[in-house]
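Protein chains: 2
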Amino acid sequence: MRVGVIGATGAVGRELVEVLGKRRFPVGKLRLLASTRSAGTTLPTPWGDTTIEAFTPEAARGLDLALLAVSGDFAKAHARALAAQGVAVVDNSSALRLDADVPLVVPEVNADAIGAHRLVANPNCTTAILVVALEPLRRAFGLKRVIVSSYQAASGAGAEGMAELERETRRVLLEGGPAGHEVFAHPLPFNVIPHIDAFQPNGYTREEMKVAWESRKIMGMPDLLISCTAVRIPTFRVHAEAVTIETERPVTPEAARAVLAAAAGVKVVDDVANRVYPMPLTATGQDDVEVGRIRANPVFGDCGLDLFLCGDQLLKGAALNAVQIAERMRL
Amino acid sequence: MRVGVIGATGAVGRELVEVLGKRRFPVGKLRLLASTRSAGTTLPTPWGDTTIEAFTPEAARGLDLALLAVSGDFAKAHARALAAQGVAVVDNSSALRLDADVPLVVPEVNADAIGAHRLVANPNCTTAILVVALEPLRRAFGLKRVIVSSYQAASGAGAEGMAELERETRRVLLEGGPAGHEVFAHPLPFNVIPHIDAFQPNGYTREEMKVAWESRKIMGMPDLLISCTAVRIPTFRVHAEAVTIETERPVTPEAARAVLAAAAGVKVVDDVANRVYPMPLTATGQDDVEVGRIRANPVFGDCGLDLFLCGDQLLKGAALNAVQIAERMRL
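Residue numbers (the working numbering), protein chains in the order written: chain A, 1 to 331; chain B, 1 to 331.
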């Protein structure tokens, strides 16, 4: 199969190549495409050194599968045309996620939505990590309210974000100077920034609204009461989430733990007596979303439950989920 | 007035001396007391260089006011005896906070509770920062449910915690080695640890339960539905909190902003169009609790409100509040 990674030099693009290799995706020929700026560079891949080509619609025409790790503007300009030419397209941008004719998929939740579609959207990273844990709870206990506070890593702003965190942390510790910032709205080292993506008229950021909009679409619950506070913190590539839910039917931590232990894509990491709970330190590079700190939240009587999640933003939050979608498409 | 800072070498102890100076507290003679290990060391203070004395009950007897920045065990052993001898005592530990005969005070909320008491407890840092923002909203709109996720700084674990964060972050960046840990349960650099203080049978940590128990006592709402997820993150001395509340009566962001703008101890920092919101970067060293990201949370219909808070853990979360209590005691 001719597989193209478009946006191959970014943090997600690089991870896509890794994940295709690790999952032994049936790649006949891998092609890496990116902007003209990156074209000509050679990258090592599980299928040998590969030279990056400049993306043009013509260059992409011969692909069977295109994994897009590019901007929303790029996706708007090219994703539908590629799909119309018969290329199976998985788009990692937010541009098409809410379009009625584009399935938005986390395979553990709604793989059936893929059907014969040629264009499938990959959700927001915080959302993908969240719904993997929410869906089994929804099926078992129903879901009425969801309140999320996120602890999001620099990788959500791409390779440049991770580089800025490292470089500016060094500046603070070695030079004793104030940290600079270009990628983030403010300096990130030893700081938290409650601002990811653009502010909306309702006071929420787009990142926060994506969690609401996309969770509703993926779980098929258009009226779900859900809110998020999305916060950037100085970690590299794992998003953590503190989640409070109100279920429709009574829930206990034991019952929730049993349901989550049986769920695909989830690893229950919840042995507090031995200091075992989800952390970026342990979730980095892991496919499964770590779920722990499972406890009854009395704020919602016997229907309240608290969870703490950690998921690798570049894996389940991006590249892994995209490849899992591709695995279910008719290729 | 003869004022003693007991536990003078810790992060809170040092900050107490600073705050007494900055607020021009009527100190006639300042005495610094600590363990025998620290005795004999001389520290600069606003009242000149002062040599630390070893604490004994006899040594403390001549004080008019004792500010305790020591362990709960120490407070249990000595606080009541000191108060019985006529010394006004403000205790920063958690040992006596829930005792019925000991007022637990955040002056902006319940200064009246001090009365003629000789022993007053200073609340948990996360709680103090929280109730300064909650109380004016409670008075204006009533309070039904409160859900908090915290982003807590290393300073909550004292000077050793701050030193460990700095030292181990250097180790990661300079030596490329894994971070170590002694103060924290796991390495803190570029990590988050959803574990502060000991786990309780209900699955919450003591830190999380302190927020519930102490907020109820300070605001005089024994039945308030309130929960917290307390998370340590790699910042130095400001605690941030994502707070979702359900009010008794309808609330709007505009009305909430007006109420908070008029509240003592609060600084509304909420101009998202200009990227202005609470952050550790701006709240460090500030007396007021920064409150921003004020928005309607539709999860609770027209009674839902979201806030984001940042407060200096060593100031309003500890030393500042203790001195503010002392200012209201009958000395």
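Simulated from the structure, these hints should not be mistaken for lab results. One or more of the hints may lead you astray.
[Claimed, not checked] Only some residues are given here: those of chain B computed to face chain A with a beta carbon under 7 Å:
1. TRP47
2. VAL183
3. PRO201
4. GLY285
5. CYS303
[Stated by the list, open to error] Derived coverage of chain A by chain B (criterion: at least 3 residues anywhere in the stretch with Cβ under 8 Å from a Cβ of chain B; other residues may be distant):
6. 82-96
7. 136-142
8. 178-187
9. 227-235
[Unchecked claim] Computed footprint of chain A on chain B; a stretch qualifies when at least three of its residues, placed anywhere within it, have a C-beta under 8 Å from a C-beta of chain A:
10. 64-76
11. 255-267
From a predicted model like this one, the values you see are computed outputs, not experimental measurements. Beta carbons: idealized from backbone N, C-alpha and C, even for Gly.
These are the hints, each one checked on the structure:
The closest approach between the C-beta of TRP47 (chain B) and any C-beta of chain A is roughly 30 Å, which is over the 7 Å cut-off, so the hint fails. For VAL183 (chain B), the interface hint is violated, since its Cβ never comes within 7 Å of a Cβ in chain A; the closest pair sits about 14 Å apart. The criterion of a C-beta within 7 Å of any C-beta in chain A is not met by PRO201 (chain B), whose closest approach is roughly 10 Å, and the hint is violated. Taking 7 Å as the C-beta cut-off, the interface hint given for GLY285 (chain B) is violated, the closest approach to chain A being about 14 Å.
Restraint check, CYS303 (chain B) versus chain A: the minimum CB separation of about 12 Å is more than 7 Å; hint violated. Coverage of the region 82-96 of chain A by chain B is violated in this model, with 0 residues showing a Cβ closer than 8 Å to a Cβ of that chain against a need of three. Coverage of a stretch by a chain is defined here by at least three residues with a beta carbon nearer than 8 Å to that chain's beta carbons; for the region 136-142 of chain A and chain B the count is 0, and the condition is violated. Taking a C-beta to C-beta cut-off of 8 Å, the region 178-187 of chain A contributes 3 residues in contact with chain B, enough for the three needed, and the coverage statement holds.
Counting residues of the region 227-235 of chain A whose CB lies closer than 8 Å to any CB of chain B gives 6, which reaches the minimum of 3, so the coverage claim holds. Check result for the region 64-76 of chain B against chain A: violated, 0 residues qualifying (beta carbon to beta carbon below 8 Å, three or more required). Residues of the region 255-267 of chain B with a Cβ under 8 Å from some Cβ of chain A number 0, which does not satisfy the need for three, so the listed coverage is violated.
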